[in-house]
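Chemist: Two chains, two separate frames, one set of hints: put the complex together.
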Amino acid sequence: MNGAFDMLFQGDLGAGSANPETALFVVALAFLIGHVIGWVYMWTHTSLSYSQTFTGSLVVIPPLIALMMLLMAGSLVFAFGLLAVFAVVRFRNVLKDTRDTTFILWSIMEGLAVGTMRYSTAVIGAFGISTVFFYLWMTSFGSRHRYDAVLSLRLTQDLASGVAALNGILRRHCARTLLASERKLTDEGLDLSYRLLLRDPSRHDELKWDLSQTEGFENISLFLRDDESEM
Amino acid sequence: MAAGKRIRTPWKHRWRRFRYTVLPFLFFAGFTIVTARLWVRQVRPTQAVGEVDAVRVPVAANVDGTLAPLEPQDPLGSPPQPQNWIFGDQVARNEVVARLDDTMLLAQAETINARIGEFEEQLDAIDEQARIDQADRDYDHDREQTRLTLQHQGLVLQGLRLDVQINFDKIEDQRLERRLQYMLDANRKKPDVIPVAQQRIDETRLEQAAIQKRIEENTQTREEVERQTAEAAARVEAYPDSAVTARLDQLLDPVRAQINTEEARLQELKVQTRSLIVRSPIAGTVTQVFARPGQNIQRGQPIIEIAANAGGHIMGYLLETKNIRPAPGMSVSIRPRNDVRRKMESVVEHVGPHVVPLPLHLLRDPNRQEWGLPVKIQMPPNLDARPGELMDLTFDPNDRAG
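So the protein lines, in turn, are chains B and V. Going from the first sequence to the numbering used here is simple: count from 1 and add 552. Going from the second sequence to the numbering used here is simple: count from 1 and add 17.
Just so you know, these hints were derived from the structure itself, not from any lab. Be aware that one or more of the hints could be misleading.
Over 12 Å on every C-beta distance to chain B, these chain V residues come out as not near it, computed from the model [what the hints assert, rightly or not]:
# : residue
1 : Leu43
2 : Thr49
3 : Val60
4 : Pro208
5 : Gln216
6 : Arg244
7 : Glu254
Derived Cβ-Cβ restraints for the label pairs, each shown as a range [claimed, not checked]:
#  : chain 1 : residue 1 : chain 2 : residue 2 : range
8  : V       : Arg358    : B       : Leu731    : 41 to 49 Å
9  : B       : Asn571    : V       : Asn384    : 48 to 56 Å
10 : V       : Trp32     : B       : Ala678    : 47 to 55 Å
11 : V       : Phe104    : B       : Thr683    : 39 to 47 Å
12 : B       : Phe775    : V       : Ile24     : 51 to 59 Å
13 : V       : Ile24     : B       : Leu731    : 17 to 25 Å
Even glycine gets a Cβ: it sits at the ideal position worked out from N, Cα and C.
Bound conformation, chain V alone (with noise of 0.2 Å):
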């Protein structure tokens, strides 16, 4: 009896057992492998923080103005443009997003104008004037040039004419030398009859003495006449054909000074002209407005911010702390932090040189800067992210794709 059958156990008290001996470690398990599941959706293996670039231009005035409202339809030829940007609208590239009131330009060019216009009569008067001047000037030019030829010719005449007395003195020299000659032989043949007399050779030496002085002179003279023959050439050959226009370039300095700074203004007018037109310099939405027509603005406050729609690559920040040499070409993985369980290769194309503070939005904790190494990576083709959004990145040394 004592020792008899064992007494069953109610399933009350087994429940209750199982409930404090079994279940903890049954849910224990349990939880562990939901927390498992949870943590592979929650917890990615990153080394490195980034963004899809994200471009964002704040649209700025160049010059100081009131914005004007946009016409209705641009004068090159763009699509019509709403009066007042907001939130969302498309814009294109080089597209006018503003326009700045042009009435004072107006006014600045009218000016300009009426400042041509007195140039004109200004310049008929100046015409008039060199008109008559030119009138003296050609009189005066051809009086100098008649003298400075004549006087060429003359000194041409006056060589031709020494030439002809040094040529006729010299037939001369000549004649009295064979003249001389035979009276020395007639003496010397007949020396007892002496048929010319002494005081008639002497004569004759004499009068050849004279035509060879005379001669030389000339020759002397005749070389003189030549040097300022050539002389008078070179001044008939270096005088201009026309008259000089010193006195027009006088008349005219002052206007054309005058001129000048009114072309200058003119410049100024166009370059104002074009500041006046306020282009987006990327495609993109507009994000924020920050001026509306009829607002005075200064130059360099902005008016509107555009987005860019797409991003051409990734940004990634490699924290300072990370033991890793990014290169250009390196495998990394990378993961949307929207969508962890999309996972996509792509590869690095440059590194930043130095190490860099992280963007703000990169932070794990605001108020706590960290410091990374930039790095473009290329953007994977399948990836349809926008601009800015995060991507947790996973670098693979082991792997250099390039």
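The shape of chain B in the complex, shown without the other chains (with noise of 0.2 Å):
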């Protein structure tokens, strides 16, 4: 217990020079963390201005930044010259994604990395920072992906009987349901909307059919889409 803890919180002054694996351990250590800060983001997030391609930029910074650090070394001169090349690409072509900013980001890195000489470095930056991406890509990581449809509709027979047979059809096809909102109206019924996770998204056909064909529901509305909005 007492090595471990010395591991965690003597090490800064045991850290060795930068060698390949050192380079591999910065990568994935920054990784980590990086995906730390990822989901923090995702599940601090409220507002609607939510970019799933920025919390991927959060997710792949830290290994970015960490490889430059390791490429930079305390050399001033390599400092400018990043700055420069970055200035240069970013004076020529506005970026509007943090995610394209990463990508140009990485290739400097990668070319400062082979016009260094450290070739193992750049070797393992492309190999790591790729597999980041894949990872990214893989997992869609940054989509909130919790419903893939919005089901709108009337309930117009009695509400105990018409909810009874909607949970039903609902149980058939979903996976689960979030109801988004409720209003009541006067004498026509009760306004229902859904958020559905579409046990298999292309039956949503069947859904609405069944719900067309069950007595005590109108206005069947469904709307599909892949995650939430973004803006």
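Modeler: This is how it looks when you write it as structure tokens:
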């Protein structure tokens, strides 16, 4: 226990010089930390201006910057060189997306690594950052994919029997449902809006057909979407 | 129909949901494990950095001169030397590593040799002069010694003569005393006849008084002669057996001064001759060659640099920010920087008296100076490390081996 404590909190002085294994370790540790940052951002984000690519960039930027600092290794000349290259790219091209910025930064970093003859670092950086991007793509990291359809309908018959029938149909077609809104009308009935995670999105028509074949449901509309809206 | 059997989720969508929901956690967990393993390999719980004691000695010239090629065979019996040192050559302790040109010193030696020849001729002349002077001095010495001896003997005889005279006078004094007593007794026994004339008694009395006065005078003279005899004996005793050589010293002193000067020059030449040979102060490996044969070098200018092949201890530097008080006998864990999985135990031998700047290659950032307490640590017997290799050190204040 004491050894683990020492390992965790007495490690700054013992950090060795940068070798390829160190570069790998640096990329991995930075990725883990960036991942935590991305999760924290996702779970704590409440406003409407959510962006998946921005969240992905939060994961990629730490290993990129760690790699950059490894390459610069305290060299002011490298730092100025990096700034100059980045400024040239930024000046010539307006980058609208943080993800694009990370790719530019990654490309510059690889050029810097090879140009300064840190071949191992260049290869490890390429492999590490590619892995991170592949991971982001594969897991669609940053996407808050909870529901893939929005169902709106009006319940005109008896409330209890109508809801029971509706739940039966939804249980058959959906893995998860969420009652998003409910509006009580004076004489026509009850307007309901659900968010659905369909068991098989390709069979959404069957859901709509099942609902239309059941008495007491009117104004049925099913709106499919892959993810929550991004701004 | 409407609430029938649940429809089956296709594998494609199952996989998609797995990727979106479970895979990030699996990926994160996997990376955590990999990172933790790398952490153990890369990060050492370190309180101090140290290095195996690295001795590097620049071997410098002792005097100005021209670097000469090393002899194929060292006169002292060392193995044959290469003409030029190159990186990696092994050097034994006290081995000749350089030789300076000795032409100038040979010329100086010749000069001193010529001066010695001059001195020898001067000494021959002085010797001849000294022989003549010695004969004169011996003659004077003998004369003076004879005079003193005769003077002493004369005084002895004079004293004896006085003794005889005094004794003689005393006898005469006693004889006159008896005669006077006889005459006075004769006159006292026959006062009417008066057999001895008064004039005769008076004459005897005067004669006795004269003798007594002479005895007194001679006694005083005898004492004076005795004193003079003692002084003369002392002079004879004090007189040297041989002639004094003051004259010879006077003749030799200038030559002696010159000889002393040449001796000093010769001594200086010996020192310079020894200085021409440069020997290695340590055993080790040649790491740098600064000068080559034929090159002019100045005193103190390095010729080669020798690095010791093995370190005797580990020199650690405990950063002043660490709240640890190292003491001799305290246990230390040592991890070579190039093999962090190896861990060896050792003990502190000595602790430096004050905090010093860390050597440049021990700094985490070469642009930022750090300070630490130097700690000398015993070399673990199983540590196969070259001088200068970096070590990570962890002290255990609770474990005091000593």
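Chemist: All hints are to be evaluated individually against the structure, with a verdict given for each.
Modeler: Here's how the hints hold up against the structure:
With a minimum CB-CB distance of about 9 Å to chain B, leucine 43 of chain V fails to clear the 12 Å threshold, and the non-interface call is violated. At the 12 Å boundary, the C-beta of threonine 49 of chain V falls inside the reach of chain B, the nearest C-beta of that chain being 6 Å off. Some Cβ of chain B comes within 12 Å of the Cβ of valine 60 of chain V; the nearest lies about 4 Å off, and the non-interface call is violated. Its beta-carbon lying about 146 Å from the closest one in chain B, proline 208 of chain V satisfies the requirement of being farther than 12 Å from that chain.
The beta carbon of glutamine 216 of chain V sits about 142 Å from the closest Cβ of chain B, which is more than 12 Å, so the claim that it is off the interface holds. For arginine 244 of chain V, the condition that its CB be more than 12 Å from all CB atoms of chain B holds, with the nearest at approximately 100 Å. Glutamate 254 of chain V, annotated as away from the interface, keeps every beta carbon of chain B farther than 12 Å; the closest lies near 91 Å. Between arginine 358 of chain V and leucine 731 of chain B the CB atoms are about 58 Å apart, so this pair departs from the stated range of 41 to 49 Å.
Look at asparagine 571 of chain B against asparagine 384 of chain V: about 21 Å separates their beta carbons, and that is not inside 48 to 56 Å. In this structure, tryptophan 32 of chain V and alanine 678 of chain B break the distance hint of 47 to 55 Å, their C-beta atoms being roughly 28 Å apart. Between phenylalanine 104 of chain V and threonine 683 of chain B the beta carbon distance is about 44 Å. The supplied range of 39 to 47 Å therefore holds. The beta-carbon spacing between phenylalanine 775 of chain B and isoleucine 24 of chain V, approximately 19 Å, falls outside the hinted interval of 51 to 59 Å.
Evaluation of the 17 to 25 Å hint for isoleucine 24 of chain V and leucine 731 of chain B yields a pass: the beta carbon distance comes to about 21 Å.
Comparing the model with each earlier hint shows violations of hints 1, 2, 3, 8, 9, 10, 12; every other hint is respected.
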